[in-house]
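Colleague: If you want the building blocks of each chain, they are given just below.
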Amino acid sequence: MFYLKVLEITSLYTILVLGVYLMTGLTGLFSLGQGGFVSIGAYTAAIAYLRFGVPFPLALALAVLIGALLGFLVGIPTLRLRRDYFLLVTFGLGEMVRAGLLYLAQLTGGALGMAGMPKRVGLPLILGSIAVITFITYSLKRSRFGRDCIAIRDDELAASMMGINVYAHKMKVFIISSATTAYGGALYAFDILFIEPNLFNWLESAKLIIITFVGGLNSIAGVIAASTIYYSFGEFFRFIDVWRDVLLAVVVILVIIFRPGGLFQGLSLLPSRLRRKWR
Amino acid sequence: MNWNILLQQIVNGISLGGVYALMAVGFGLIFNVLKFSNFSHGGVVTLTAYVGFFLSRYVIANFIITFLLTAVAGGLAAVVIERLVFRPIRRKGYPISMLIVNSITVAMLVQQFFAVTLGADYYTYPNFIKETALHLGSLTVSKIYLLMLGISAVVLGALTYVIQKTKIGIAIRAASSDIFTPSLMGVNVDFVVSVAFFFSGVLGGITGYLLGMTFTVDPFVGSMILKGIIASIIGGMGSILGGVIAGLLLGAAESLLIGEIGAALTPMVIYGSIILLLLVRPQGIAGKITEIKA
Chain A
5 MFYLKVLEIT
15 SLYTILVLGV
25 YLMTGLTGLF
35 SLGQGGFVSI
45 GAYTAAIAYL
55 RFGVPFPLAL
65 ALAVLIGALL
75 GFLVGIPTLR
85 LRRDYFLLVT
95 FGLGEMVRAG
105 LLYLAQLTGG
115 ALGMAGMPKR
125 VGLPLILGSI
135 AVITFITYSL
145 KRSRFGRDCI
155 AIRDDELAAS
165 MMGINVYAHK
175 MKVFIISSAT
185 TAYGGALYAF
195 DILFIEPNLF
205 NWLESAKLII
215 ITFVGGLNSI
225 AGVIAASTIY
235 YSFGEFFRFI
245 DVWRDVLLAV
255 VVILVIIFRP
265 GGLFQGLSLL
275 PSRLRRKWR
Chain B
157 MNWNILLQQI
167 VNGISLGGVY
177 ALMAVGFGLI
187 FNVLKFSNFS
197 HGGVVTLTAY
207 VGFFLSRYVI
217 ANFIITFLLT
227 AVAGGLAAVV
237 IERLVFRPIR
247 RKGYPISMLI
257 VNSITVAMLV
267 QQFFAVTLGA
277 DYYTYPNFIK
287 ETALHLGSLT
297 VSKIYLLMLG
307 ISAVVLGALT
317 YVIQKTKIGI
327 AIRAASSDIF
337 TPSLMGVNVD
347 FVVSVAFFFS
357 GVLGGITGYL
367 LGMTFTVDPF
377 VGSMILKGII
387 ASIIGGMGSI
397 LGGVIAGLLL
407 GAAESLLIGE
417 IGAALTPMVI
427 YGSIILLLLV
437 RPQGIAGKIT
447 EIKA
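If you read the protein sequences in the order shown, they are chains A and B.
Using this note's numbering, you'd call the opening residue of the first sequence number 5 and step up by one each time.
Using this note's numbering, you'd call the opening residue of the second sequence number 157 and step up by one each time.
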């Protein structure tokens with residue numbers, strides 16, 4: 005029972021990590037505002053269900069829709085610019101969502117958070133979602149679209165010279181990723197049953213990126229493994245749980261310096277192209 | 157609306173804006189040279205806020221000495237971070253994304269380290285200045301804010317001089333426009349990068365000290381880097397002058413907005429404006445846009 009619960013929560017986070025993997029693995033974009041999308045998804049679903057009586061499946065769909073829309077709006081000004089602007093603006097976005105949720109206290113419960121969602125999400129739904137998202141990611145990577153995206157990741161200028169519409173590709177991937185992340189947030193709301201604005205700050209968003217890199221940008225299996233290890237770590241090693249993030253940070257720095265293809269390089273299903281330079 | 161209150165808010169805002177400008181420039185300096193967003197700058201700010209506290213509380217209660225020591229400590233910390241974390245990646249020619257991930261990781265490392273070890277308490281600096289405010293006509297200016305603004309101005313002025321007039325400054329600017337070519341001209345690029353990190357770290361140290369002195373010290377001081385980053389975007393990434401103007405503007409705007417529409421809505425208005433600004437004028441105030449080079 006205990007292990008199932010650990011697996012459930014760990015898998016929930018793995019969905020969020022996969023959302024980041026989709027974006028960073030395919031196009032090399034970093035977002036430090038994923039927490040914002042998680043919160044948006046969670047709050048959209050919870051508010052729709054609790055305040056407006058929308059049935060659960062519809063609330064989920066609504067969360068995905070709003071997440072995608074937000075991604076689109078943020079993408080318009082930032083995706084045409086250097087990657088750094090995207091990174092920095094999404095960093096701000098996460099904080100903006102947090103401030104917004106606190107401000108709209110009438111709707112969101114403010115700093116007290118929201119509770120009272122019924123338990124609608126269990127292990128089967130979460131694992132099923134992971135399977136579907138993994139399948140979509142894998143198919144995307146193997147498709148022409150995915151290869152174009154990887155070309156963008158490795159060398160944006162060269163890709164655009166080959167006639168790839170860099171902006172449109174990045175936008176599509178970012179929208180898919182935002183939708184996935186918001187979906188994860190909605191599942192979170194109906195699994196953990198309590199959400200509050202500070203749940204996903206920039207640190208949580210940063211961890212999602214960091215775990216993606218530890219797992220390896222080219223390896224879905226590696227990313228899932230890294231995410232599972234990290235998020236279940238605290239449950240099994242409670243005595244050093246507080247040092248978990250410090251430990252993670254040290255491991256990451258070592259992995260990036262000595263094993264840039266990720267800790268689980270061997271698990272990758274596609275040849276590693278990470279050594280190639282993009283800028 | 158009362159004009160005195162308005163003016164008072166602008167004065168307060170500009171004082172804080174001086175610190176934003178320090179952060180924007182410290183962040184922008186590294187962005188200029190290595191072309192990546194250096195989040196570890198926030199880590200240096202947090203670290204030095206604690207260093208400044210321990211020095212002034214337990215070693216010597218002298219403002220000038222602890223201030224200078226903290227600034228140097230910040231510089232050294234940044235150099236050490238560069239040596240340990242960024243240089244190995246740079247040497248091997250890995251993509252810039254690796255630098256970004258490592259800088260985020262360093263920021264997290266510092267924040268979580270202090271959260272675990274010292275996070276349970278708030279620390280306050282000793283009172284260096286008897287809290288006497290200056291009265292200029294109807295305005296009241298707190299001395300600590302005035303000092304903050306003065307220090308920011310002097311430091312940024314000195315940095316501009318070094319970057320524009322000295323040999324090492326020229327080398328930094330050369331490395332900013334192209335990191336590879338200066339080495340062909342006999343410039344030791346590794347050394348130049350170290351010096352750039354040292355300068356950036358000194359700015360971070362001063363920021364940490366000033367923030368620690370004005371507010372209380374907690375592990376999340378480094379998150380204030382967000383304000384510096386915003387100022388950096390508004391000013392045009394990597395431009396010193398743009399960063400300074402934008403920092404002051406941001407401080408003043410923030411203080412005015414908090415007065416007018418409240419602290420909850422202010423961040424939303426500011427981030428919303430940033431997104432609009434990027435649509436209209438992505439190069440920021442200074443009008444320099446960093447192109448992706450082949």
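Be aware that a few hints might be false.
Footprint (simulated), chain A over chain B, 3 or more residues, beta carbon under 8 Å [to be verified]:
| id | stretch |
| --- | --- |
| 1 | 185-196 |
| 2 | 311-324 |
| 3 | 345-355 |
| 4 | 396-410 |
Some chain B residues near chain A, calculated using beta-carbon distances under 7 Å [said to hold, decoys possible]:
| id | residue |
| --- | --- |
| 5 | Leu232 |
| 6 | Val236 |
| 7 | Thr261 |
| 8 | Leu413 |
| 9 | Ile414 |
| 10 | Gly415 |
| 11 | Ile417 |
| 12 | Ala420 |
| 13 | Pro423 |
| 14 | Val425 |
| 15 | Tyr427 |
These aren't lab readings, by the way, just hints derived from the structure by calculation.
Backbone N, C-alpha and C define an ideal beta-carbon position, used for all residues, glycine too.
Colleague: Each hint: holds or not?
Modeller: Right, here's what the structure says about each hint:
1. 185-196: This one holds; 4 residues, not fewer than the three required, reach chain A with a Cβ under 8 Å.
2. 311-324: violated (count 0)
3. 345-355: Answer violated; 0 residues pass the 8 Å Cβ test.
4. 396-410: It is violated: at least three residues are needed, and the stretch 396-410 of chain B offers just 0 whose Cβ sits closer than 8 Å to chain A.
5. Leu232: violated, 19 Å
6. Val236: The hint is violated - B/Val236 has no Cβ within 7 Å of chain A, the shortest such distance being about 13 Å.
7. Thr261: At about 5 Å, which falls below the 7 Å cut-off, the nearest Cβ of chain A leaves the hint on B/Thr261 intact, so it holds.
8. Leu413: violated, 12 Å
9. Ile414: The hint is violated - B/Ile414 has no Cβ within 7 Å of chain A, the shortest such distance being about 12 Å.
10. Gly415: Nearest chain A Cβ about 17 Å off; hint violated.
11. Ile417: violated, 10 Å
12. Ala420: This interface hint holds because 4 Å falls under the 7 Å limit.
13. Pro423: holds, 4 Å
14. Val425: violated, 10 Å
15. Tyr427: Hint on B/Tyr427: holds, closest Cβ of chain A at ~4 Å, below 7 Å.
Checked against the numbered hints given earlier, the structure breaks hints 2, 3, 4, 5, 6, 8, 9, 10, 11, 14 and satisfies all the rest.
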